[in-house]
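Residue-level listing of the chains:
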Amino acid sequence: MGLLTTSVGSFPKPADLSRARRQFAEGDIDRAALEAEERKAVREVLALQESLGIDLLVDGEMARGDMTTFFAERLEGMEVSGLVRSYGNRYYRKPRIVGEVQRPAPMTVESWRFAQGATARPVKAILTGPYTLMDWSFDEYYPSREKCCLALAEVVRQEAEDLAAAGAKDIQIDEPAISARQDELPLATTALGIVTARLRGTARTWTHLCYGEFQPVLDRILALPVDGLLLELSNSDFDLLDGLKRLPSDKILGAGVLDVHNHVVETPQQVRERIERILEVVPAERVWLNPDCGLKTRTPEEAKGKLAAMVEAARTLRGSLGI
Amino acid sequence: MGACPSRRGPARAGENGLIRAANHSSYPRVGDHPLDQQLRHALRSRDRGAATDAEVAAVEDEVTGIVVAEQSRAFVDIVTDGLVRWEGPLSHVARHLDGLHARDLVRWFDTNFYDRRPEATGPVRRRAPFLVHDYQVAAAVAQTTPVKVVLPGPVSFARLSRDRHYASLEGFARDLAEALALEVADLSRVGCRHFQLDEPMLCRRPEDGELVADTAARVFAAAGSGATTVLSTYYGDLTALSGALDRLPGSHLGLDMIADAGNWKLLEKLPERKGVYLGLFDARTTRQEDAQDVAQRLLPYRDLLTRRDVIVGPQAGLELLPRDQAYEKLLHARYLVEKLSREWTWAS
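For the record, the sequence lines run as chains L and H.
Counting in the working numbering, the first sequence runs from 120 upward without gaps.
Counting in the working numbering, the second sequence runs from 227 upward without gaps.
Hint data in this document are derived by calculation from the structure and do not stem from the laboratory.
Since this is a predicted model, take the numbers as computed values, not measurements.
Check the hints yourself; a few may be wrong.
Over the 12 Å line for every Cβ pair with chain H, so calculated as not near, a few chain L residues [as the list claims (entries may be wrong)]: (1) ALA239; (2) ALA299; (3) ARG300; (4) SER355; (5) GLN389; (6) GLY441.
Derived CB-CB ranges, DEER-like [what the hints assert, rightly or not]: (7) H:LEU408 to L:ARG240: 55 to 61 Å; (8) H:HIS267 to L:ASP174: 36 to 42 Å; (9) H:ASP258 to L:PRO367: 31 to 37 Å.
Heads up, the beta-carbon is just placed ideally off N, CA and C, and yes, glycines get one too.
Starting from the given sequences, assemble the full structure and let the hints guide the process.
Below is the structure:
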């Protein structure tokens, strides 16, 4: 089977949840009330994906405001600083590392269990990788980036192994920062390897990378210690396409066939044409389809429309290819 | 921090030697207090169709005033408009020049900040002035404090863009320089006397030195005589150009003293009487530098610094920090100036 579909992680938050998050921040509701809204939103986003026919589901990261802040709020040794712009009109509360990083308790296992219990389809567990957690935080504690990154690798490893023990069969460790400093790619690779080393045979591991200068280091990226790579391709007009011919034969490509930084909803035909470009360099049985990145910056209507176009394109192409 | 600066005023102590504190370029446009998030909300409202461009522009003017006032409260001697209207370091200018379009997202060097990559699809030409209003709004708030206007360097801009029109980096950069020179000339006409051209790619592509020199000279020439013109480099060092620093135009050379140790040795190679902007405060970490430590580090270079015009500040834009931390960086910069102007003899 090839051309299966999944998502990268985040979905737009429903208005009710956004309101509840604001109320919680202002002390107007308690955590139980917020979590009730989060679970309602998770059920809705799972139902949406089921109705569209997505193969591997995600919980939409409804409990996460930001992919690093969420973990910083749950790890000892990390705090959250003020708002920092990441691009355009998007801001996040950038974490600060102020002490030895430790994981006092599992951070995502219960929420993954809840999501998996709400659907018969497989749900992918999603973590932020150690290199990105380090690079997207202000480190005020560790004497070197290496020590910081490896300390974070240990806590992410613990979390990933707990997810696998809970039954997660697909675990994605996002590393969008991995291309930031190419001289640190060996460190990032080692850290990711620490996280995935003991998951072999238990869970399929993925990583997600986006919006960087990957071309000069593509071969190292393609060799990252995971089973599958979800890559942003559409926004950068398939710059990496030629290099993907060198995708190792044991690797799956999660091809970004939806531009999540464009309000325009692609047609199934447009998506199909993108997939056909990918199939010129990677065989269909090793290609999964997904948006370029998380969908949280889109409106719910745009997210639904884009995913529907992707599923329809995959369906018709599978039919014509006899898959 | 040992103490806060207690007064404003020039730190001048000698005839030609001078030390001042300045903001480098951007300043956080959004703070943590809900009242400090008006621009964020206005832009969101416009995205939803609930606010007009004119309403957003009014908020941008208001926020410009706030960030200028905040820099003034940090007692720096040269402020900027905070680049509050800039979507990104490249895309903002790209949107105002013919022949360019802002396209796919790219990471800004090794930061967690992203911008839309410009794409050249035709000859680059300026449509109309695009920074003059911003300068005038900032200058009205700053009053007697000089406002520096920051522009992307033509070569870095071209290097970081996608070129689908020019056959060469040189042609692209030279057209950009012509467009930016028109802007600088208009700014000069309305009273701007401080300009900064950002060429961070020079640290990574020293082979571009000649082209940077030529294009920067073209842009700075439009500022007129007597203007402060900073050729700013950051996120790396210029050691590969140590024998050619005298070729780089501008009244001041901007050096990143944080990213790499190489620039410290470069201080000894600075051309005689050339001004220098020293990026001594790390704009990418919430760790706050102690002015005493920074002063100690500068001590071996006292003789060569005290006979020239020195500006100190963050090594790059402060927008990658929370606003309270950005403000504190400027306070430390000003405190360093107070300290060195008091403890060192600045002379011709």
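Worksheet item: Quick check: which numbered hints come out false for this structure?
Response: 2, 3, 4, 9
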